[in-house]
Amino acid sequence: MQRFSTRRAAPAAALERALTTDPARTRNDADLVARVAAGDDRALADLYDRYAPVLLGLARRVLGDTADAEEVLQEVFVHAWSRAASYDPRRSSVATWLALVARSRAIDRLRSRRSADRTVESARLESPPGHESPRAAGAVLAHERGARVAAALAELPPEQRQAIEMAYYGGLSQTAIAGATGIPLGTVKTRTLLAMKKLRAALAAEIEELL
Amino acid sequence: MNHRPDREELAILDTLEALGGGEAAAGAGPESRADVELLGLLPYGLEPVVPSPELRSRVLAAVREHGRAREGVAAEAGSAPAPIPFRRPGSGTAAPPRRAGRWALPLAAALAALGIGLAGWLSLRLGEREATIAALDRELAAAGERAGRLERINAELDAARRELSHRLALATSPGMVACPLKPMDREYPEVNGLLYLSPGGGPWLLSVHHLEPPPAGGVYVVWFLSGDAPHHMGVLAPGPDRSVHIAADRMPGQESMTGVAVTLEPTAAVERPTGPTLLFGDQRIDLL
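Chains as they are written, first to last, in the numbering used here: chain A, 279 to 489; chain B, -10 to 277.
Chain B extracted, bound-state conformation (with noise of 0.2 angstroms):
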């Protein structure tokens, strides 16, 4: 069939193959419009369906829907309507285009995908967060206890460093005096004592040893005598081993000492001793 088409042939196929929009070609002759009216024959070759009642009513509804849509267009801007969506049937709303129908679902599901990972993800970022704040938490308390030990290790040693700095002063000083102190009670039988001074209202150093813990409701006072004027020189709190020491750098502002006495108290706030004396050292000493 190797046949070479002549010019109302190939009108013929042109007419086939420019089938657009159905509108034949204007000013087209006789011939091209018997052409089209074939091609307007052909689906009567086929077999027809005849359309639901329901269809009929919907398309009907559609093209009213869409003439009062054109009224309404024409009226306030004079242009064409937006085209009517098919309804299928039991849909109470218009289909949705095939295409975005197509790829909504899928992309909704990726979407709800990848929002589940994400949070998932920072889930579990939340959660390594939320563990290296508790851990670091804990560091700091067990820090903070190790700073609060080495504050009192620290204080206790400064306390032994200021008495070892007395007692250095006091064995340095050339005229260093001792007197020595007497139990004086006879429930107190192995107490004694020794109170180291330095000349001139120096340092001065108290050791208690033998010292029971005093008995509830009392405590041990110190007292440095001076005439009938005592001064409260300080606490006794006796350790496990039953000794004590208590040093100061200056003795009080006075111009001697006679006597040192240690006696238990009902308080520590009392400004003359009242109860039963347990040590005494009677030794005079100028203080300037």
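For reference, chain A alone in the conformation it holds in the complex (with noise of 0.2 angstroms):
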């Protein structure tokens, strides 16, 4: 599998910023949001060729539905263009802050959408589509950030990955994983637990570029 293989003809040179580490890139983020929150819709749309793949796969891989996704991508950053001024780095890294803003949009459509057809959903976590499991290592060692997260997450024995991918991309909490899984839920919390440990200490060296 190619690293950036993308079903668009996209310019390389996006995925290529949206990607690469940059130890300067924290920093700049934060400058951004700051011209951002001052009204400068170009330091936007800086931060929207920066960040727009990766929160535009993170919503696509919660929905499973590019026009959902598209949705939520928009509606990301008018909240980044409204919040910026309170955005606070002590909190959170831009990057963080605008992933975890599209999570959660991207779960509430998702959790709308169940009340109204949870038998889908069920089965799509029972078998999710195509992006459940992480790019084989090997073939994705491109760029460091990308390359590391999905080896780190490639690492992680099938039943914790398993419990990540459901609270993280389906919003569930331990106590619902349990339930739809049949586990018990202190297997789902150690589980969870024991994924967690094991990422944080995988990309120690990413987040502390974060921090």
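There could be a bad hint or two in this list.
Just some of the chain A residues that point at chain B, by a computed CB distance under 10 angstroms [claimed, not checked]: (1) Tyr326; (2) Glu348; (3) Ser371; (4) Trp375; (5) Leu378; (6) Ala432; (7) Thr459; (8) Gly460; (9) Thr470; (10) Met474; (11) Glu484; (12) Ile485; (13) Glu487.
One-sided and incomplete, this derived list gives chain A residues near chain B with beta-carbon spacing under 10 angstroms [unchecked claim]: (14) Ala323; (15) Leu336; (16) Ala337; (17) Gly342; (18) Leu351; (19) Ala358; (20) Trp359; (21) Arg369; (22) Ala377; (23) Ala425; (24) Ala428; (25) Tyr446; (26) Leu471; (27) Leu488; (28) Leu489.
Calculated directly from the structure, the hints in this document are not laboratory data.
Backbone N, C-alpha and C fix where the C-beta goes; we use that ideal spot for every residue, glycine too.
Mind assembling these two chains? They're in different frames, but the hints should get you there.
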């Protein structure tokens, strides 16, 4: 698998900007957000160019639908535009802030959809389409951040990775995961905890860059 | 796997469970901050999806529109602007909310079906009402015809009753006088008649038989004669049996009658006899 193979004829530079680890990026991101808070829409366009591919991939992973994911992407950047002034760099990096906003909006949309069709959702959680497993570590080594995250996820035992994915991409609580899988709640918590510890250890360098 | 988490582990689980609006908890320690950043890194393990240039244009246009709305609203009220609806490719207007779109079509179809059904039911009821009104109209017309026939029959019966009453009065009158009328015209040789009179100017009855219908442009007129002053007493119209009767309650106001005649006149509106005399009765009667 090509590390940055895309479904569109996307310019490679866009993905390059999105995924390349830049030591100065964190500071630059904070500056961009400050400019956005001041009403600079060109700064917002720069943020979009940096993070839209990852955020759109995240929303599509949660929702399984490109049209809905694009709506979420718009909501994320309208949120960033209107709430930039309240962004606090002590709480999270800009990348994490945007990712968690995107996840939150996608999960909200997913939950409203679940209330209409739980059957489809349960089937999707049992066998997530395509994106449920991170890319094989050997296939995605072009850029540090994406490659290391993918590698760290690939190193997890399948049951731990499933627990993380159901919580993160499915928006399910530990209790809901236990109910959905039939696994005892304590086991679910243990698997989740082990997965988080392993990921934190494997991605310590990336996390350090963001702090 | 029966492991009891310690405080740090509980913090990790809480961080994962408490992912809300993308904001990490204020005042979180370094460990929690690291967990938050870890969660922010997870999407990088997915295949990224590069948005199309059209999507980029739409999103940035929506942001600019939101900015203008924010400035406008802030200038007016200082409150936050309404969210900008997402515009899908190819649509000139804002896409409707998914939930509204999902229900709008079935709701519209249900309302349309209900409207059609109601219209059909009302049309059926209207047709039934119109048929009922038409039937009632026919019954009313038939009843009107029956009433007309009954009125005519009643009039005929009333006339017959009056004639019988006259005849009875004449028949029971102790001084009743019968005055025969003789034919006077050779063209009507068979015609004859009889006048019944009550003394004192009471009821009278004239019966004429074998009287042919009058020729075209002529009528038969009855005259009571008193000296040279004739009294127009009415018109005779013979029936199919060539007989006719004419009666009245009182004789005309005169002292005596010297005769009775039936003449053929060009019209009923004549004051004196002008035509040929068909019948004549020579009978003097004191009426007072």
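Here is how each hint holds up against the structure:
no., hint, in the structure
1, Tyr326, "holds (7 angstroms)"
2, Glu348, "holds (6 angstroms)"
3, Ser371, "holds (6 angstroms)"
4, Trp375, "holds (6 angstroms)"
5, Leu378, "holds (3 angstroms)"
6, Ala432, "holds (8 angstroms)"
7, Thr459, "violated (13 angstroms)"
8, Gly460, "violated (15 angstroms)"
9, Thr470, "holds (6 angstroms)"
10, Met474, "holds (5 angstroms)"
11, Glu484, "holds (6 angstroms)"
12, Ile485, "holds (5 angstroms)"
13, Glu487, "holds (9 angstroms)"
14, Ala323, "holds (6 angstroms)"
15, Leu336, "holds (4 angstroms)"
16, Ala337, "holds (9 angstroms)"
17, Gly342, "violated (12 angstroms)"
18, Leu351, "holds (6 angstroms)"
19, Ala358, "holds (8 angstroms)"
20, Trp359, "holds (5 angstroms)"
21, Arg369, "holds (4 angstroms)"
22, Ala377, "holds (4 angstroms)"
23, Ala425, "holds (9 angstroms)"
24, Ala428, "holds (4 angstroms)"
25, Tyr446, "holds (6 angstroms)"
26, Leu471, "holds (5 angstroms)"
27, Leu488, "holds (4 angstroms)"
28, Leu489, "holds (6 angstroms)"
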